[in-house]
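Q: Protein chains in written order, with numbering that gives the first Met the number 0: chain A, 0 to 284; chain B, 0 to 287.
Derived from the structure by calculation, the hints contain no laboratory data. Hints should not be assumed to be uniformly reliable.
[Unchecked claim] Computed cross-link-like contacts, BS3-like style, restricted to lysine-lysine with a CA-CA straight-line distance of at most 27 Å:
{"no.": "1", "chain 1": "B", "residue 1": "Lys173", "chain 2": "B", "residue 2": "Lys199"}
{"no.": "2", "chain 1": "A", "residue 1": "Lys10", "chain 2": "B", "residue 2": "Lys283"}
{"no.": "3", "chain 1": "B", "residue 1": "Lys192", "chain 2": "A", "residue 2": "Lys10"}
{"no.": "4", "chain 1": "A", "residue 1": "Lys8", "chain 2": "B", "residue 2": "Lys162"}
[As the list claims (entries may be wrong)] If you want a taste of the chain B side facing chain A, the calculated C-beta under 7 Å gives, among others:
{"no.": "5", "residue": "His11"}
{"no.": "6", "residue": "Gly12"}
{"no.": "7", "residue": "Val22"}
{"no.": "8", "residue": "Met89"}
{"no.": "9", "residue": "Ala109"}
{"no.": "10", "residue": "Val124"}
{"no.": "11", "residue": "Tyr175"}
{"no.": "12", "residue": "Ala178"}
{"no.": "13", "residue": "Ser179"}
[Claimed, not checked] Pair ranges (Cβ atoms, derived):
{"no.": "14", "chain 1": "A", "residue 1": "Leu15", "chain 2": "B", "residue 2": "Ala178", "range": "41 to 47 Å"}
{"no.": "15", "chain 1": "A", "residue 1": "Glu158", "chain 2": "B", "residue 2": "Ala5", "range": "30 to 36 Å"}
{"no.": "16", "chain 1": "A", "residue 1": "His277", "chain 2": "B", "residue 2": "Lys8", "range": "51 to 57 Å"}
{"no.": "17", "chain 1": "A", "residue 1": "Ala272", "chain 2": "B", "residue 2": "Leu26", "range": "32 to 38 Å"}
{"no.": "18", "chain 1": "A", "residue 1": "Leu30", "chain 2": "B", "residue 2": "Leu26", "range": "37 to 43 Å"}
{"no.": "19", "chain 1": "A", "residue 1": "Ala272", "chain 2": "B", "residue 2": "Val128", "range": "24 to 30 Å"}
{"no.": "20", "chain 1": "A", "residue 1": "Val40", "chain 2": "B", "residue 2": "Val102", "range": "21 to 27 Å"}
{"no.": "21", "chain 1": "A", "residue 1": "Thr162", "chain 2": "B", "residue 2": "Ala197", "range": "23 to 29 Å"}
{"no.": "22", "chain 1": "B", "residue 1": "Val139", "chain 2": "A", "residue 2": "Thr162", "range": "52 to 58 Å"}
{"no.": "23", "chain 1": "B", "residue 1": "Gly44", "chain 2": "A", "residue 2": "Leu15", "range": "22 to 28 Å"}
Note that beta-carbon positions come from the ideal geometry of N, C-alpha and C, so glycine has one too.
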Amino acid sequence: MLKQSLSGKRKNYGVLMKALMLLAVGCTAALVIFILVYVLVQGVPNINWELLSTKPSYLTERIGILPDILNTVYIVIATLFIVLPLGVGAAIYLTEYASNKKLVGIIEYAAETLAGIPSIIYGLVGMLLFSNSMGTCLMAGALTLVIMNLPTIMRTAQESLKTVPQSYREGAFGLGAGKWRVVRTVVLPGCVDGVVTGCILSVGRILGESAALLFTAGFAHAVNGIVDGLASPGATLTVALYVYAKEQGEFGVAFTIAAILMVLTVLINFAAALVQKHFAKRRSL
Amino acid sequence: MKRNQALEKVIHGVFLLLGLIAVGCVLLITVYLVISGIPAIREIGIIDFLFGREWASTAAEPKYGILPFILTSVYGTAGAIVIGVPVGFMTAVYISKLASFKVRAVMQSAVSLLAGIPSVVYGLVGMLVLVPGIRKIFDVPDGASLLAAIIVLAIMILPSIIKMSITALDAVPKEYEDASLALGATPIETYFKVSVPAAKSGIAAAVVLGVGRAIGEAMAVMMVAGNVPNMPTSLFQSVRFLTTAVSSEMAYSSGLQRQALFSIALVLFLFIMLINAALNFFLKREKE
Chain A
0 MLKQSLSGKR KNYGVLMKAL MLLAVGCTAA LVIFILVYVL VQGVPNINWE LLSTKPSYLT
60 ERIGILPDIL NTVYIVIATL FIVLPLGVGA AIYLTEYASN KKLVGIIEYA AETLAGIPSI
120 IYGLVGMLLF SNSMGTCLMA GALTLVIMNL PTIMRTAQES LKTVPQSYRE GAFGLGAGKW
180 RVVRTVVLPG CVDGVVTGCI LSVGRILGES AALLFTAGFA HAVNGIVDGL ASPGATLTVA
240 LYVYAKEQGE FGVAFTIAAI LMVLTVLINF AAALVQKHFA KRRSL
Chain B
0 MKRNQALEKV IHGVFLLLGL IAVGCVLLIT VYLVISGIPA IREIGIIDFL FGREWASTAA
60 EPKYGILPFI LTSVYGTAGA IVIGVPVGFM TAVYISKLAS FKVRAVMQSA VSLLAGIPSV
120 VYGLVGMLVL VPGIRKIFDV PDGASLLAAI IVLAIMILPS IIKMSITALD AVPKEYEDAS
180 LALGATPIET YFKVSVPAAK SGIAAAVVLG VGRAIGEAMA VMMVAGNVPN MPTSLFQSVR
240 FLTTAVSSEM AYSSGLQRQA LFSIALVLFL FIMLINAALN FFLKREKE
């Protein structure tokens, strides 16, 4: 048997394309490693207990990021608390109740549109809608973030609702259960995985958000309880990073916050992957 | 029995309301932006506003021309696409078609990480690595420039492009590739001349998504672009984007200046709506 060899031109094409692909993959990988290592190397040495546990003080001229950490926690809690029922409810309407195809199309198109709007526009509209009526405060920021995260929760809840087998619903109906009872006892438990995934994604988005919060939640650094905190202006970690780096030139603190955010991002990605794996396994059983 | 039926109806209504919230939000945002954006455009005049070459909002005789911002946003986005799309596309083909299972898993989590990094962190690294780097390499007085913004944007759109292209490439039926291989094409030829054309709608959608991300990014660009309202005539000029034009003056603006900022947001919103429509068009075609 004769071994046929490729023409030179085709061989070169293959080599060239492979080289370009490897170059691109190398660039992407190097970029991720560089950003991760650079931020951690610059930021981690500055982390100490005093920085984490105090608020900034002009008297002693030191900077503490405790208020920013607390504000971030408050805004995450407040946002999820509001957006979860809204998003899951909307998803339930779309998969369980809606019979009008056109209406479903409109709602889904609206959710996609929301997902595509840049955060600076959310910040502006949030300022007009919420901050002008209730003042610049964390709650105004949280409400803005609710609109931003609504499509995420809707989509993940909807995806998991679609995996609840139709026969479960039919079985429940057959036993004489009403629609609401079926939704409550059969459908809702089925969308737990979607809600968990949606929560993780939303937390990641809230942690990284800055443009939408700058004009709605403000940038104060005061230590408050959750109730007072939500009613008063405050900077989250990302907003604080921006202010320290851009306005005050405090790059040491900025990198410390960046390092904390990086670690949280890695953890969130890890958690999302783990949750997905866990539920995929359970579903295949 | 009657009470049960009434209850069912009420609950149906509640869920309908929840379902309509997303629609309500879109309408609310649109209406608010139009109402607050129109007055300034009327006062300045739409031609002077959109095509005015000078922005001097705090001058004694204020000028509100946003052509520099529009052009900067367009050039910046185009530049980010020119750099980001080839890299993202090639990476996606490699991950989808050539990579071993393990490499694929590692690269996918790396891309997810890139997508999850907050934009201010990109801005910070850009400020301290990219900006001084550009100043030294090109020997210009200030590295905070259009070029720095383009590079940061190219990096930031990379994960969207890679992820969406992988989804499109993974969805290409295996039979197409098998047929091509059976006819004697090499694997590389098959991937680029059969799989990629088959996934072209999805890849187009990935590019459009990247455009949307790039044109909407505010904070990272704010930190590296220098933020001076110049006409973008060179890569090394300090420039201001549509997004940063809104955020940089919002804190201290008032009167007509503030209204003009809302008008800029309206222009940005129109751009985004166009991009969304294009995205939907390609996604629909991909599904078919």
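Q: Under 7 Å is the threshold here; is the Cβ of histidine 11 of chain B close enough to any Cβ of chain A for the hint to stand?
A: 6 Å, holds
Q: Please verify whether lysine 173 of chain B and lysine 199 of chain B have alpha carbons no more than 27 Å apart.
A: 16 Å, holds
Q: Given alanine 109 of chain B was flagged as interface, is its beta-carbon under 7 Å from a beta-carbon of chain A?
A: OK, holds: alanine 109 of chain B within 7 Å of chain A, min 4 Å.
Q: So the hint says 32 to 38 Å: do the beta-carbon atoms of alanine 272 of chain A and leucine 26 of chain B match that?
A: 36 Å, holds
Q: Go through the hint on valine 124 of chain B and say holds or violated, using the shortest Cβ distance to chain A against 7 Å.
A: Hint on valine 124 of chain B: holds, closest Cβ of chain A at ~6 Å, below 7 Å.
Q: Confirm or reject the claim that threonine 162 of chain A and alanine 197 of chain B have a C-beta distance inside 23 to 29 Å.
A: 28 Å, holds
Q: Could you see if the CB distance from alanine 272 of chain A to valine 128 of chain B stays within 24 to 30 Å?
A: Since the Cβ atoms of alanine 272 of chain A and valine 128 of chain B sit about 29 Å apart, the hinted range of 24 to 30 Å holds.
Q: Is the Cα-Cα distance between lysine 192 of chain B and lysine 10 of chain A 27 Å or less?
A: 15 Å, holds
Q: Take the shortest C-beta to C-beta distance between tyrosine 175 of chain B and chain A; is it under 7 Å?
A: Tyrosine 175 of chain B check fails; min Cβ-Cβ to chain A is 18 Å, beyond 7 Å.
Q: For valine 139 of chain B and threonine 162 of chain A, compare the CB-CB distance with the range 52 to 58 Å and indicate the outcome.
A: 56 Å, holds
Q: Measuring from beta carbon to beta carbon, are leucine 15 of chain A and alanine 178 of chain B in 41 to 47 Å?
A: 24 Å, violated
Q: Hint validation: methionine 89 of chain B versus chain A, beta carbon distance must be below 7 Å. Holds or violated?
A: 3 Å, holds
Hint violations for this structure: numbers 2, 4, 6, 11, 12, 13, 14, 16, 23, all remaining hints satisfied.
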